[in-house]
Amino acid sequence: MLTDFGRIFAFMLIAVVFVVIAVLAAKFIRPSRPSKEKLMTYECGEDPIGSPWVKFNIRFYVVALIFLIFDVEIVLLIPWALVYKEFGFGGFLIGAIFLFLLGLGMAYEWRKGDLEWVKPKVIPPVLKKNPVTNEVEVQA
Amino acid sequence: MTYDFFYKLFGSQVIAAIIQSLLPLFVFILPFALFAVWLERKVSAHMQDRLGPMRVGWHGWLQTVADILKLIQKEDIIATANDKPLFNLAPVLVFVGTYAAFAAIPFTSAFIGSNLDLGVFFIVAVSGFVVAGILMAGWASNNKYSLLGAMRSAAQIISYEIPTVMVIITIVMITGTLNLNTLSQLQTGHFWNWMIFGGPVFGVSKFLMIPFMIISFGIIYISTLAEVNRTPFDIPEAESELVSGYHTEYSGMKFAMFFLAEYANMFAVSAIVTALFFGGYQSPIGYIGHLLGLPWLVPIEQLFWFTAKGLFFVFVQMWLRWTLPRLRVDQLMTACWKYLIPIAFADLIIIGLITLI
Numbered sequence: 028m029l030t031d032f033g034r035i036f037a038f039m040l041i042a043v044v045f046v047v048i049a050v051l052a053a054k055f056i057r058p059s060r061p062s063k064e065k066l067m068t069y070e071c072g073e074d075p076i077g078s079p080w081v082k083f084n085i086r087f088y089v090v091a092l093i094f095l096i097f098d099v100e101i102v103l104l105i106p107w108a109l110v111y112k113e114f115g116f117g118g119f120l121i122g123a124i125f126l127f128l129l130g131l132g133m134a135y136e137w138r139k140g141d142l143e144w145v146k147p148k149v150i151p152p153v154l155k156k157n158p159v160t161n162e163v164e165v166q167a
Numbered sequence: 010m011t012y013d014f015f016y017k018l019f020g021s022q023v024i025a026a027i028i029q030s031l032l033p034l035f036v037f038i039l040p041f042a043l044f045a046v047w048l049e050r051k052v053s054a055h056m057q058d059r060l061g062p063m064r065v066g067w068h069g070w071l072q073t074v075a076d077i078l079k080l081i082q083k084e085d086i087i088a089t090a091n092d093k094p095l096f097n098l099a100p101v102l103v104f105v106g107t108y109a110a111f112a113a114i115p116f117t118s119a120f121i122g123s124n125l126d127l128g129v130f131f132i133v134a135v136s137g138f139v140v141a142g143i144l145m146a147g148w149a150s151n152n153k154y155s156l157l158g159a160m161r162s163a164a165q166i167i168s169y170e171i172p173t174v175m176v177i178i179t180i181v182m183i184t185g186t187l188n189l190n191t192l193s194q195l196q197t198g199h200f201w202n203w204m205i206f207g208g209p210v211f212g213v214s215k216f217l218m219i220p221f222m223i224i225s226f227g228i229i230y231i232s233t234l235a236e237v238n239r240t241p242f243d244i245p246e247a248e249s250e251l252v253s254g255y256h257t258e259y260s261g262m263k264f265a266m267f268f269l270a271e272y273a274n275m276f277a278v279s280a281i282v283t284a285l286f287f288g289g290y291q292s293p294i295g296y297i298g299h300l301l302g303l304p305w306l307v308p309i310e311q312l313f314w315f316t317a318k319g320l321f322f323v324f325v326q327m328w329l330r331w332t333l334p335r336l337r338v339d340q341l342m343t344a345c346w347k348y349l350i351p352i353a354f355a356d357l358i359i360i361g362l363i364t365l366i
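In the order they appear, the protein sequences are chains A and B.
According to this note's numbering, the first sequence holds residues 28 to 167 in order.
According to this note's numbering, the second sequence holds residues 10 to 366 in order.
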């Protein structure tokens with residue numbers, strides 16, 4: 028007896044087989060004449076400089092972290108959304124309280140600036156006149 | 010159901026399942042991808058007052074077939090710096106994630122790959138494969154453009170998944186089901202029974218719901234656009250800065266697989282939006298099959314309506330692509346976290362209150 032997920036497994040299997048067959052079939056037709064230049068990492072025709080596996084923006088990590096928290100909470104909400112009507116207003120209230128807490132966490136993240144992407148902040152210099160010497164000074 | 014038909018024909022559940030899972034790929038996705046690539050080029054061309062492909066076939070309709078023939082003959086370059094096993098695995102993973110989503114999409118009342126009770130939830134979950142595949146492609150390419158594109162793409166897809174799921178939760182709250190087939194059946198009858206018009210239940214709540222349903226539809230459409238990396242959210246493969254993002258290093262058939270997955274994904278998200286808000290496979294004006302007393306005609310009409318609705322949303326995606334400029338990364342994140350998610354939150358609570366009336 029094949030369950031629903033068994034059929035989904037058949038879908039995934041077909042997808043894998045399709046990609047493998049398509050790539051392998053092309054192997055018999057396509058040419059293969061590798062040269063040093065062809066096998067170089069593409070960097071707009073120049074010799075690649077340094078390793079690409081470098082440090083990248085920490086924001087990606089923060090976004091992934093916030094997403095993880097939200098996703099878990101959303102997974103908890105789905106069963107509630109399926110059944111809350113059976114419990115009337117009380118059932119809705121429980122979900123609403125949960126959502127309120129979620130919103131509170133979101134507001135905290137927002138206030139802390141975790142949702143902000145790095146942007147150069149423009150700080151215009153302040154000019155101040157010295158009353159004694161009458162000279163203009165730049166204050167940082 | 011198609012599955013039962015194949016089961017009776019071959020007497021084996023495994024063979025029936027395999028044949029049924031071949032159907033969406035060869036009957037639907039491949040012809041659709043061929044057509045959609047051609048359509049995209051024609052739409053873009055006509056929007057910019059050009060002609061687009063004209064040489065191969067009538068108005069260039071065989072252009073994509075010619076492109077496929079070209080791609081098969083292309084050399085498959087795996088650069089020395091690439092991480093070979095991961096590099097080869099990535100297109101498989103991306104395509105599997107995309108194709109598995111099709112298992113839970115009801116094309117007609119007679120064909121659904123797997124009539125899962127988890128339906129939409131399964132689709133959201135399995136689309137995580139795509140993120141893993143994209144990250145894998147970017148990392149294994151050992152290329153600065155690829156890695157940056159993959160990181161941006163992953164951040165974007167996971168960010169925009171939250172408003173998508175929130176809108177799905179609002180629909181679940183109204184209908185009380187996650188099964189896409191049941192959802193489509195609920196919206197039977199005429200177009201005023203669609204979820205965008207407040208669902209099949211007639212009453213005060215239906216009319217109260219309409220503005221919020223339209224807002225929900227806007228949110229989910231914007232988020233799904235971002236999830237398939239389409240303009241205005243195509244910063245992961247912004248040509249002017251990142252060459253072509255995470256598939257910069259790919260060539261030949263592997264590139265074609267990424268391309269196919271992208272177009273299949275475009276249809277998948279349109280199909281989900283259709284099933285959630287626009288009645289899925291249901292006809293807006295009733296069936297000729299019922300009128301003439303030909304019950305076998307109904308599934309064919311349903312397939313027609315489903316394809317038509319899905320194609321319409323794919324067309325809107327293309328339309329937006331050639332109309333709107335690209336967002337910056339910080340604008341992209343702001344749009345999701347500071348606008349879409351709070352609006353989706355409020356929307357969810359208000360709809361919850363309305364359903365209690």
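By construction, these hints were calculated from the structure, which means they are not laboratory data.
Treat the hints loosely; a few may be bogus.
Stated by the list, open to error - Label-pair distances were calculated between CB atoms; the ranges are:
1) A:Val89 with B:Gly137: 43 to 49 Å
2) B:Trp201 with A:Ile48: 31 to 37 Å
3) B:Phe211 with A:Gly130: 31 to 37 Å
4) A:Glu100 with B:His68: 27 to 33 Å
5) A:Thr30 with B:Trp201: 35 to 41 Å
6) B:Asp126 with A:Met67: 29 to 35 Å
7) A:Glu100 with B:Leu18: 44 to 50 Å
8) B:Gly227 with A:Val149: 54 to 60 Å
9) B:Arg335 with A:Val149: 20 to 26 Å
10) B:Ile219 with A:Val89: 35 to 41 Å
11) A:Pro58 with B:Pro220: 55 to 61 Å
Even for Gly, the Cβ is constructed at its ideal location relative to N, Cα and C.
A quick look at each hint next to the structure:
1. Distance hint for Val89 of chain A and Gly137 of chain B: a CB-CB separation of about 19 Å, inconsistent with the stated range 43 to 49 Å.
2. Evaluation of the 31 to 37 Å hint for Trp201 of chain B and Ile48 of chain A yields a failure: the beta carbon distance comes to about 46 Å.
3. The given range of 31 to 37 Å is respected by Phe211 of chain B and Gly130 of chain A, whose C-beta atoms sit roughly 33 Å from each other.
4. At roughly 50 Å, the beta-carbon separation of Glu100 of chain A and His68 of chain B lies outside the given 27 to 33 Å, and the hint is violated.
5. For the hinted restraint 35 to 41 Å between Thr30 of chain A and Trp201 of chain B, the CB-CB distance of approximately 37 Å keeps it satisfied.
6. Separation of Asp126 of chain B from Met67 of chain A is about 51 Å and departs from the stated range, judged on CB atoms against 29 to 35 Å.
7. In this structure, Glu100 of chain A and Leu18 of chain B meet the distance hint of 44 to 50 Å, their C-beta atoms being roughly 46 Å apart.
8. The given range of 54 to 60 Å is broken by Gly227 of chain B and Val149 of chain A, whose C-beta atoms sit roughly 33 Å from each other.
9. For Arg335 of chain B and Val149 of chain A, the hinted distance range of 20 to 26 Å is satisfied, since their beta carbons lie about 23 Å from each other.
10. Hint check: Ile219 of chain B to Val89 of chain A, Cβ distance near 38 Å, so the stated range 35 to 41 Å holds.
11. For Pro58 of chain A paired with Pro220 of chain B, a C-beta distance near 59 Å keeps the hint of 55 to 61 Å intact.
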